[in-house]
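Taken in sequence, the protein lines are chains R and Z. Residue numbers for the first sequence follow the numbering used here, so the first one is 109 and each next one is one higher. Residue numbers for the second sequence follow the numbering used here, so the first one is 47 and each next one is one higher.
Honestly, I wouldn't trust all of these hints.
Claimed, not checked - From the structure, some residues in chain R lie toward chain Z, with a derived Cβ separation under 10 Å:
(1) Thr-127
(2) Glu-161
(3) Ser-164
(4) Ser-215
(5) Val-230
(6) Ser-256
(7) Tyr-259
(8) Leu-267
(9) Asp-298
(10) His-325
(11) Ile-367
(12) Pro-391
Stated by the list, open to error - Straight-line Cα separation of at most 30 Å, DSS-like style, residue types lysine-lysine; simulated pairs:
(13) Lys-137(R) to Lys-315(R)
(14) Lys-139(R) to Lys-241(R)
(15) Lys-288(Z) to Lys-239(Z)
(16) Lys-137(R) to Lys-170(Z)
(17) Lys-139(R) to Lys-170(Z)
(18) Lys-232(R) to Lys-139(R)
Unchecked claim - Quick look at which bits of chain R chain Z covers, simulated, 3 or more residues with Cβ under 8 Å:
(19) 286-296
(20) 300-306
Worth flagging that the hints you see were computed from the coordinates, not collected in a lab. We put the beta carbon where it would ideally sit given N, CA and C, even for glycine.
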Amino acid sequence: MSSHPLLEVERLSVSFPVTGPGLKGLFLKQKLHAVNAVSLQVEPGSVVGLVGESGSGKSTLGRAMLKLEPSCAGSITFDGLQLDNATQSDIARLRQQTAMIFQDPYSSLNPRQTLGEAIAEVLKVHRKCSAEKRASRVDELLTLTGLSGDYKSRYPKQLSGGQCQRAAIARALAIEPRLIVADECVAALDVSIQAQIVNLLLELQRKINLTLLFIAHDLSIVRRLCDRVAVMYLGRIVEEGPTESVFSHPRHPYTAALISAIPDIDPERRLPDTLLRGEPPSPLDLPDGCAFHTRCCFAREACRKGEAPELRGDGNHQYACLLEAGEAERLTDPMR
Amino acid sequence: MSPLLTVDSLTITTRAGLNLVDQVSFSLAPGEMLGLVGESGSGKTLTCRALLQLLPEGALQITGGRVDFDGRDLLRLSPREMRQLRGAGVGMIFQNPSTHINPLMTIGQQMAESLRLRGRLSRKEIRARSVSLLEQVGIPSPEQRLDSHAHEFSGGMRQRAMIAIALACSPRVLIADEPTTALDVTVQAQILKLLDGLRREHGLSIIMITHDLGVVAQTCDRVAVLYGGRICEIAATADLLKHPAHPYTRGLIACQPHANVNAQGPLTTIAGAPPTAEEMPAGCRFHPRCPDAQRRCQTRQPVVHDVAQESGHRVACHYPLQRLIHRELDHE
Ligand SMILES: Nc1ncnc2c1ncn2[C@@H]1O[C@H](COP(=O)(O)OP(=O)(O)OP(=O)(O)O)[C@@H](O)[C@H]1O
Ligand SMILES: Nc1ncnc2c1ncn2[C@@H]1O[C@H](COP(=O)(O)OP(=O)(O)OP(=O)(O)O)[C@@H](O)[C@H]1O
Ligand SMILES: [Mg+2]
Ligand SMILES: [Mg+2]
């Protein structure tokens, strides 16, 4: 097996121009920094979880990593090949070997195509099987995702939310990619079918060494499925490491807050009290220092100024927080 | 308290004559939060869309039942009356925000439209209320974000904008179709708190469609479980989670990934696939997947009946689990 990561980004940044309020805004375009100098490595055959607050840049990062979104700085390397000045054929190879499952399944499926047509088209474009075998492969893919072949004549609008999401998964699997960026791909599914899809992904990982960047907010699934996990807050990765280590010894207060908010099915447990005080800062106006300091109960003077803290740690489990190990223990203390 | 909304034997049929939703009944009291759970494709969204006459025209039809809201049958309102009702009585948060938020209008314009349904407001008032609503659903820089279009929002922000639009017309009943699926746990908690506060302070009644029993446990007073277009169990939340009477409900609870965080290997699933309308099993619709199925389950469709008198716990099963569980507990 090759020793280099399958997909690697270094100091990748993505920003969007945004119109400000009122007439003046039309001329004074502001920059929204959705992804800020993010570095991340995805080893072949591994499942990397990407979690973080809504709006923190997970989808943007996922798209940018596959060059589905232009980045404004940083580099992307796929399978040892740097994609900065990628040629047409490099991009074609990337498209052949990777797939993205978009967060919004409805808008990623063509409303005028039946599921069968949509999947057959992918099989044809990527020359995955002969014309005669196409129909049976479509059936097989739909069945794999828990829809039956009967669904191939349905249009997206004739599907329930979860069925649509599975159709999008089936279409991604049709490419037989080496790497899938799965953006909230089980969010609309009930637990039993969610489990079926997760088990399917685990099986593909084992059988064909499928690599997965799994964007999700359901931490219990991330914990179960992922080898490593990266936590994003306001466009930056604030913690990254082996799943077990991050879950049992979070070093960033934001990670700790996320973990403490996992809902439980204990009917006696009420809604948790405000987990994070204050509002998330706006990506249009990032605070100085650590972006989390406005909501962090451990924040001190050094956190409020200068550049955002760099990732540090033992190389395996990294975190962008100034707290020392002794203080970080208090993060998981329920009595704090 | 007498119910605000009563759904009685609602049936939704395709052109081919298949019942996608079959005799579904439930009621909703003022200030109550009712959970609607069930497998993907079990008919949760269709049931709720039917209440607002929002089924795809021509393709699906309501072939039976009534929906009583405030003394009126919603299924028999004229389109004009229905529009008024959507503005002032019943609001809906749709499952897929992107197809229900207009891509050509800014979020602010859409909120203004929704606010105007409630009465005359000056432009300034509209702006102020919109900003405050976006703030309540946790969108940073709300003032600036009012001028954004939906495609400039992240998935979770779009979902929250949808919630703000639905709340703008101050409905009395809110139908929330998977309102927090795109949200991380901390924002989810914030939204659930907001909804919980609205029902406590303003008596808003909520139908909460979700597949997350954790959300149900934390917010709902009662839960109805749908399977294959029929109600299989309905009960007070604590009752249902602690003493599920239907084998399907028990299976759902066992599949919750939180139920076994420390476990390894494949996740628990309910064996078999959910039924499709084309091939609905005879008898109890769950019997092909039910570990406890007997001969009677293959041929006779169970009717919804009380598990225990007066507890409001009802189940559609020939061999409900309640008694089995109690016996196990007695042995311990
Ligand atoms: N096309 C765009 N134009 C302007 N801003 C955008 C655009 N796409 C994304 N953004 C902004 O970038 C930020 C990050 O968005 P992104 O979709 O990556 O978040 P996310 O982490 O996937 O959130 P969620 O969990 O809610 O899906 C948000 O503030 C969003 O408003
Ligand atoms: N226009 C339509 N024509 C035919 N069948 C339809 C149509 N719309 C929905 N269905 C079917 O009706 C069933 C119920 O759909 P519904 O959207 O109510 O499911 P749901 O319980 O909301 O599921 P999910 O959790 O996946 O959103 C599904 O099997 C779906 O395929
Ligand atoms: Mg996203
Ligand atoms: Mg639905």
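Next on the checklist: Let's test the interface hint: is any C-beta of chain Z closer than 10 Å to that of Ser-256(R)?
Outcome noted: Holds - the Cβ of Ser-256(R) comes within 10 Å of chain Z, reaching about 7 Å at its closest.
Checklist entry - With 10 Å as the cut and Cβ atoms as the points, is Val-230(R) at the interface with chain Z? => result Given a least distance of 22 Å, the restraint on Val-230(R) is violated.
Checklist entry - Within a Cα-Cα threshold of 30 Å, do Lys-137(R) and Lys-170(Z) meet the stated pairing? => result holds, 24 Å
Checklist entry - Does Thr-127(R) pass the interface check with chain Z, least Cβ-Cβ distance below 10 Å? => result holds, 6 Å
Next on the checklist: So, as I understand it, the hint says Glu-161(R) touches chain Z; can you test that by seeing if any CB pair is closer than 10 Å?
Outcome noted: holds, 5 Å
Checklist entry - Taken at face value, is the distance from the CA of Lys-170(Z) to the CA of Lys-139(R) at most 30 Å? => result holds, 27 Å
Next on the checklist: Would the hint on Pro-391(R) be counted as holding, given a Cβ-Cβ threshold of 10 Å to chain Z?
Outcome noted: holds, 7 Å
Item to check | Proposed proximity, Lys-315(R) with Lys-137(R) (alpha carbon, max 30 Å) | outcome: Violated - the C-alpha atoms of Lys-315(R) and Lys-137(R) are around 49 Å apart, more than 30 Å.
Checklist entry - With 10 Å as the cut and Cβ atoms as the points, is Leu-267(R) at the interface with chain Z? => result Holds. Min distance 8 Å.
Checklist entry - Holds or violated: is the Cβ of Asp-298(R) closer than 10 Å to a Cβ in chain Z? => result holds, 4 Å
Next on the checklist: Less than 10 Å between beta-carbons is the criterion; does Ser-215(R) satisfy it with respect to chain Z?
Outcome noted: holds, 5 Å
Next on the checklist: Quick check on the hint: His-325(R) CB to chain Z CB, less than 10 Å?
Outcome noted: Hint on His-325(R): holds, closest Cβ of chain Z at ~4 Å, below 10 Å.
In summary, the numbered hints that this structure violates are 5, 13, 14, 18.
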